[in-house]
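*Asks:* Residue strings, one per chain:
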Amino acid sequence: MSKAIRVGVFVCHCGSNIGGIVNVPDVVEYAKTLPWVEWAEGNLYTCSEDGLSSIRNKIDELHLNRVVVASCTPRTHETLFRKNCERAGLNKYLFEFVNLREHCSWVHMGKSDEATLKAKDLVRMGVAKVSLLKPQEDLATEVTRSTLVLGGGVSGLTAALALANQGYLVEVVEKEDELGGLLRFVNRVFPTHRSSAELLNPLIDAVLAHRNIRVHLGSELVEVKGFVGNFSAVIRENGGSRDLNVGTIIVAVGAQAHKPEGAFGYGRFENVMTQLDFETQCGRYDRFKRVVMINCVGARDEERSYCGRFCCIVALKNALLVKEANPQAEVTILQRDVMAVGRLYEDYYRRALEKGVRFVRYRKAEPPRVEGAGTRAEKVRVLHTLMGKEIELDADLVLLTTPLVPAEDNAALSRMMKIPLGMDGFFLEAHQKLRPVEFPADGIFVAGCARYPAEITESIGQALAAAAKAAIPMARGKVVSEAFVAEVDPGLCSACGRCVSVCPFGAVDWAEVPAPDRKKRSVARVNPAECKGCGLCASSCLSGAIRLSGFTDEQIFAMIATQR
Amino acid sequence: METALERNCAESPDLRSEIRTLMDANHLNLCLECGKCSAVCPMVNFYGEYVHTRCTRSVVERLCFDPGGISDEALWYCWACKECTFFCPSGVDFQNFMTAFRELMVAHGHRDHAHFCSVCGAYMMPKKQRDYLETTMNLNGNSELLWECPNCKKGKYLNVLYKLAGGNGKSSHR
Amino acid sequence: MAQKSVLILGGGIAGIQSAIDLANMGNRVYLVEKKPSIGGRMAQLDKTFPTNDCAMCILAPKMIECANHENITLLTYSEVLEVEGDPGRFKVKVLKKARYVEEDKCVGCGECAEKCPTKVEDEFNAGLGQRKAIYKYFPQAVPSTYVIDPEHCRIFKGKKCGICQKTCKARAINYEQKDQELTLEVGAVIMATGFDLYDVRPLTEYGWGTIKNVLTAMQFERMICASGPTHGHLKRPSDGKEPKNLAFIQCVGSRDVRHKRYCSAVCCMHATKEAVLAHEHYPALSSTIFFMDMRAVGKGFQDYIQRAKTEYAVEYIRARPGRITENEASGNPVIHFEDTTTRQLMSREYDMVILSQALVPSESNAAVAEKIGVGLDDFGFVSPSEDPLNPFATTRGGIVACGFCQSPMDVPDSVVRASAAASKVAEILASNGSERA
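Residue numbers (my numbering), protein chains in the order written: chain A, 110 to 673; chain B, 449 to 622; chain C, 428 to 864.
A few of these clues could be false.
[As the list claims (entries may be wrong)] Listed below are the simulated DSS-like cross-link pairs for lysine-lysine, each with C-alpha atoms no more than 30 Å apart in a straight line:
no.	chain 1	residue 1	chain 2	residue 2
1	B	Lys530	A	Lys498
2	A	Lys587	C	Lys489
3	C	Lys596	A	Lys192
4	B	Lys530	C	Lys639
5	A	Lys527	A	Lys629
[What the hints assert, rightly or not] Between beta-carbon pairs, the in silico distance windows are:
no.	chain 1	residue 1	chain 2	residue 2	range
6	A	Arg490	C	Met773	25 to 31 Å
7	C	Ala653	B	Glu521	57 to 63 Å
8	A	Lys498	C	Thr637	36 to 42 Å
9	C	Glu497	A	Ala620	34 to 40 Å
10	B	Asn588	C	Gln771	37 to 43 Å
11	C	Phe806	A	Lys498	33 to 39 Å
Worth flagging that the hints you see were computed from the coordinates, not collected in a lab.
None of these values were measured; they are calculated from a predicted model.
Even glycine gets a Cβ: it sits at the ideal position worked out from N, Cα and C.
Please construct the entire structure, taking both the sequences and the accompanying hints into account.
*Replies:* Here it is in structure tokens:
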């Protein structure tokens, strides 16, 4: 026996945003004529304290059990109005938002009459829908207060320490037999020229000593299941495997150095090497008299369109180290743009210029030519674009400045955790501007070169940011997901798999259900904790097996049926 | 192995290293080749055409990378007016370099393109500058403006003042 | 025990982001912003590179989240006066300036501003438009409360008026309102004070302020923004005509020993973005960008530049122009430059020229830093941290910095660092203030 539906309709003027085009009093009068509507009123700003308390008062006075607010956009105000209903003791899912602004007044300016008619239609549809809404509860899941950090380089270690210091448990999984990542191969860091060990060792020591951190060396991630707050991961270590239960995951697997085989004599001449090769094997900086560096090798070209971001600075660093060790050395950098961005690096660039490092601009279409005899490069010829002349530089060392490239395992990890890769092969964050360390799937974060080449300060920043994001659900102790989620009817599911592949959040998976002949069959199943209620699965399902609560077929048909 | 400067510049070692010193002292190495100097240089107005090899940026580049490629003459077009130096965003003091460089060249006997004071023989300006000024200024007998250096002019002036003061003093300005 | 509360100075995207992160972790956050609304510089942008997202569309939800978050207290139109004490237990004094409009009564309807007789140059619109003496900083301001500018309002200058008070149906105007001094106890402080735009008038060679059709990048941004003074239409200041070609000059004031030696980081990309947007609005329009180095280092940035060249009629010329003169008959600015790749001296006339002005630490930063004991460098940026493992530390323990006030950077970098600063603060609060900041 269902209770009688009692709807309250609140139509907003939104200042003059709606009221200036739509005849709000007219819409209010119209609303009063609709079935189940017990109360209708207009407000100047329904979201103001006045409007909100009016709604609460009417719920109380008139025992309203459904509320329709016809105003602006749920994007900004849905939470506010839902909370307001809750405050008055009404289940927040018995509320329907009708958009009279973006969907009406703002797109039909100058057409008052038609806009008002449309507003009435929208309100009528809203009332029809709200009558079919059922009370629902948010789903709260417990969050395990521990994090899995994939990668033990500067990013992974920084994130681990930050979380451990806040009291969370951290499992660091590193595939090499030692911690440190790429920084192990870097000799000195810019712009201080201090040894990388000075930075890395204290970090490693702190991580190893921290009682909240467990380090797994020589370990690789094999499998991940679950969702935010409840991930179960399997790692392979010491020949065996181990299960880890964590609440959040930070992907900090870094990137790898690029080996530009065949370019500019690399592999053929023993004195042609990358900047990183130079750092690992160089020994003393004062051994060299004529150093020529070629920037943008393997970057900003047909093969790889991106810029390595900080490799220009690496070149400056090594140029300065050579010059400072041997002021008589001639160091020339061949470049296509000097990316010394910001406060610090422009001065660093000037420092190199002041020390006598020379810069020659070359064009992508006319790359330098490295010439030599036998196994040694001797000269570099380049068209000095700005001078308009080819010049010849003697060289006893040729350094190729290369970008970092995506790590080999990225594709496998991407599939394992359902986290996307960008076109460049690095992990793709949820939103480039405002969510740079998050993935669309909740609870998994990214930091450091796994996302895009990043130097130490940036990596540390991103690691701390990822730690902050990971700390949020863990601090709260639970993750609350909205009740408007999708659900698969196993009886109708034909197991075509469309929904599984189309879900951007990895919330749809396979489940086994008993089949008539006592065998088992696979059907799709939505994990309500991960589902964001976007509806892609429901609209892609050819069998009509998926129901999105809050937007059921029944509700939508009811809205359509109200049309004249 | 010699640097390009050393190998191409067929001058005495002293001149080579002195040029290098001048370049460092005037921060020519800070040049980022942005072209602002060439854009503000008034040479194009005086000579009626823009010839890139005469301009600041070209001179600086070739001093760094192709000194042997600089024809002697190219370095005697600049008027040392200081516009380029004023606007240079990197802090290259080209005007000071140019002035000092010319005095250096003259000291080493390279006098063909220079114009000297007819009284004391001091370097005044490039010949080209004098030629342009002569033709545009219509001097009509006031040629000491261009043929006497400021020092000598001051000397003359002082002598006049001494005369007026009724003495026998003579200026020591040479 | 460390106070589980934080003071954040600056309500731009960095301040907003760290506020949300810390509030979500369960801490109380006081977000102090000197302007009447949070939003900062991002609120002035039309679109953001490289996604060309509408800036306000992605910023507004975050502003609203701040306003509605139970753990965040917005203190707009406010300034910090002093920070005493030690990390974990700071005592902070904040001055909440009087708006002369009651926040809990004003519904933001705007009728007061419509009737106000006093016009003032609009700072938000980079001087391109006018606002009234009673105003909302921008249409989507958070909070949406209006504010009276006492420097221009007639009442405060002793003249007769009171029109806004008579007009206000909510009876929210209160000329007697007083500044309020608040004392807060917080465990840590975040500096996120952002940047200002360098005044390019001293670069007389470019003629801003004398040649009408020479604008700054921010002025152009406001012009092309649909919610700006010209509703997104490009109109030349001299005659209101639609420009057919634009020129952007990079590094105006930046990378210049005579002005600011450093690189402002975002201009290469924002000039490209503006050229792209202009072409989108006017398909027949083309642009030239005069640059030194095209610093497109971020994710997706190189592709953006390529698309600008191939799809949006943007030409890049490597040159730093010498001068801009004016064709007096047409009002067209004429750019005199040496194209460094062809070694030709050229003069080109454009309908409009946009100067990518240098970006400098916020003008009020120096005073704020002094009040709270944080060291700045020669340019006014927060002095770099001595600890390589903690790039956000300032010279005062318990106070961390993030965003542009540390070094020029774009939105994604600011957002990352804001969350990083939040993480550092969480450590400080968790460790009872004794953790190195």
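*Asks:* Are any of the numbered hints broken by this structure? If so, which, sorted upward?
*Replies:* none
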